[in-house]
Amino acid sequence: MNKQGQHVSQFQASFKVFQRNRLAVACLSVLGLLYFLAIFADFFSPYSYDNEDRNYSYCPPMKVHMVNQDGSLSWPYVYGTSFVFDSFHKRIYTEDKTQKYTIRLFPKGDAYRLLGVIPWDRHFFGVETKGRLHLWGADSRGRDLLSRLLWGSRVSLSIGLIGVLISFVFGLFIGGISGYYGGWIDTLVMRLCEMFMMVPGFYLMLALRAAFPPNLNSLQIYLLVVVIFSFIGWASLARVIRGMAMTLKQREYVLAAKAMGLSDLRIIRMHILPHTMSYSIVAIMLSIPGYIMGESALSLLGLGIQDPYASWGNLLSEAMGIVQIRFAPWILLPGLFIFITVICFNVVGDALRDALDPWLKAEGQS
Amino acid sequence: MATLLKISNLGITVRTDASSRTLLKNIHLDVTPEEIVALVGASGGGKTSLGLSILRLLPLAMEIDEGSIVFKEENILAMPLSGMRQIRGKKIGMVFQESLSAFNPVFRIGDQIAEVTQTHLGLSRAKAMNRVDELLDLVEVGDPRKVARSYPHELSGGLRQRAMIAQAMAASPDLVIADEPTSNLDVTIQAKILELFKKLRKEMHLSILLITHDLGLVRFIADRIFVLYDGRIVESGEAKAVLDAPVHDFTKKLLMATKI
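Those protein sequence lines, which keep their order, are chains B and Z.
Here the first sequence stands for residues 1 to 366, numbered as in my numbering.
Here the second sequence stands for residues 1 to 260, numbered as in my numbering.
If you are wondering where the hints come from, they were derived from the structure by calculation, not from laboratory data.
These stretches of chain Z come out as covered by chain B in the derived footprint (C-beta under 8 Å, 3 or more residues):
| id | stretch |
| --- | --- |
| 1 | 89 to 97 |
| 2 | 104 to 111 |
| 3 | 115 to 124 |
Over the 10 Å line for every Cβ pair with chain Z, so calculated as not near, a few chain B residues:
| id | residue |
| --- | --- |
| 4 | 79 |
| 5 | 90 |
| 6 | 106 |
| 7 | 108 |
| 8 | 112 |
| 9 | 166 |
| 10 | 236 |
| 11 | 297 |
| 12 | 307 |
| 13 | 327 |
| 14 | 347 |
| 15 | 350 |
| 16 | 354 |
From a predicted model like this one, the values you see are computed outputs, not experimental measurements.
Quick reminder that beta carbons are idealized off the backbone N, C-alpha and C, glycines included.
Take the sequences, apply the hints, and build the full model.
So, in structure tokens, the structure goes:
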């Protein structure tokens with residue numbers, strides 16, 4: 001009970017414990033920001049994912065200036081660039097101090113549809129179309145890396161969520177049914193689970209990908225990758241849920257629900273599965289990184305999202321050669337984003353586990 | 001008057017891997033419409049199992065190996081599972097002893113009662129919630145809205161037991177099996193719950209099979225009584241007659257225990 005004498009719900013109590021974990025709150029904010037940027041990627045990125053200019057191939061990150069040459073303060077700007085070839089035929093970029101491009105808010109740029117519906121051509125920031133802005137450098141074809149990172153986050157971040165949701169719906173129901181009915185259904189389902197868990201996930205993934213034609217369009221590939229992940233992911237969850245369902249079905253309210261004539265599916269849905277939620281939420285959080293890394297691995301090998309579309313994995317595939325890493329280290333940035341995202345999901349998942357654990361909470365409050 | 005429920009020659013066996021043991025044998029029991037019948041016996045004597053067998057909800061280890069259970073001229077033991085679902089909760093309601101564990105702790109009371117009305121009466125969500133208010137009003141909870149919005153652990157034992165009776169009444173059944181409905185409540189609340197049963201019997205034309213070990217309750221409420229001892233019905237008849245002149249030793253002992 002709180003001071004006003006109202007009852008503190010389980011959710012509120014868990015929320016308090018979670019809030020006390022500063023690191024987790026910070027990580028959750030980072031994730032929130034990443035997802036926000038992903039949703040509005042077309043607005044926040046200065047260029048479209050396929051806007052290229054070969055004159056800027058492997059252009060290094062541009063320096064943002066705040067001070068004019070005469071020493072006076074200025075709105076942030078970048079200089080134009082020009083390049084010469086060195087003796088290895090590598091481009092050496094230098095700032096061309098005669099061209100000055102102010103970084104503007106909401107300039108006109110590539111056209112897009114905000115949230116997929118509202119047609120617009122303003123971007124959050126950028127320079128006038130004569131110049132180019134590459135804050136985090138450009139790739140081999142002179143496409144802005146920051147823009148491609150943001151566009152790529154759409155694929156990489158959503159594939160984890162959607163994949164996890166689908167495989168959890170399957171895992172919950174298959175596990176629930178298996179544990180609730182028991183008997184030969186249970187035996188059959190569990191042997192099937194074991195078959196899936198027995199095959200190493202990555203090779204199963206490759207095999208499944210190989211089973212489909214290579215020349216699919218990007219949306220088809222995206223859906224295919226999601227389906228492949230859901231196909232692999234449900235088994236381990238189903239096993240745990242099945243165990244919980246076997247315990248939960250002994251509860252008297254399950255007997256009461258049967259005595260009231262509710263159907264088996266309804267009992268599983270209303271009286272068994274909700275009680276596995278605190279486990280499931282944590283398991284969801286902790287398994288999303290696996291999906292993100294899986295997509296990255298598939299795309300890195302060229303089996304996932306294909307150029308010109310971006311995902312963190314296929315952005316990294318450009319960084320597979322030593323030459324590129326040596327002379328254009330900024331193309332490793334997507335790796336940093338994968339790293340940050342995975343760490344954040346793990347920290348948040350851990351904190352959720354603590355927050356949703358009734359015993360740990362009792363300890364914390366005493 | 002026609003019989004509502006007739007159990008004849010019922011036998012239940014408990015099977016484990018190694019052995020099997022007869023739990024109930026040669027059980028005869030009947031309930032007529034608008035009658036309150038008490039099934040009395042010691043703890044662990046198979047009273048609850050008998051109650052569950054009427055709904056075919058015995059644990060896996062228990063088996064009905066002889067006899068018949070006829071409800072409204074239909075043989076329950078021969079009925080397919082889909083037919084059982086039309087009986088469970090719709091024609092026969094059940095009130096459990098532990099109201100705290102018989103409600104799902106994560107849903108509000110009102111939602112759990114509404115679930116039954118939605119399943120059996122096919123009511124829309126809004127109509128189901130109205131029906132919940134009516135039902136809670138019927139079982140005299142005082143403030144139906146508040147009780148409907150509460151979670152099980154937020155209510156007192158008495159209120160929760162009333163809510164469970166409301167749930168059992170949700171689809172207007174003909175028979176309610178009440179398994180020790182008052183043994184966790186204190187005496188004053190016990191009396192009120194029993195009054196409630198009497199009122200429901202009269203207003204809703206309900207029959208009640210009361211499973212209990214408390215002969216004090218039986219004297220107060222039951223029309224007829226069946227005494228279960230050692231897996232058999234050892235004595236039965238009009239409640240008053242049995243309690244005033246018990247024949248079997250076990251009934252006498254139980255009666256002595258009540259008088260202390």
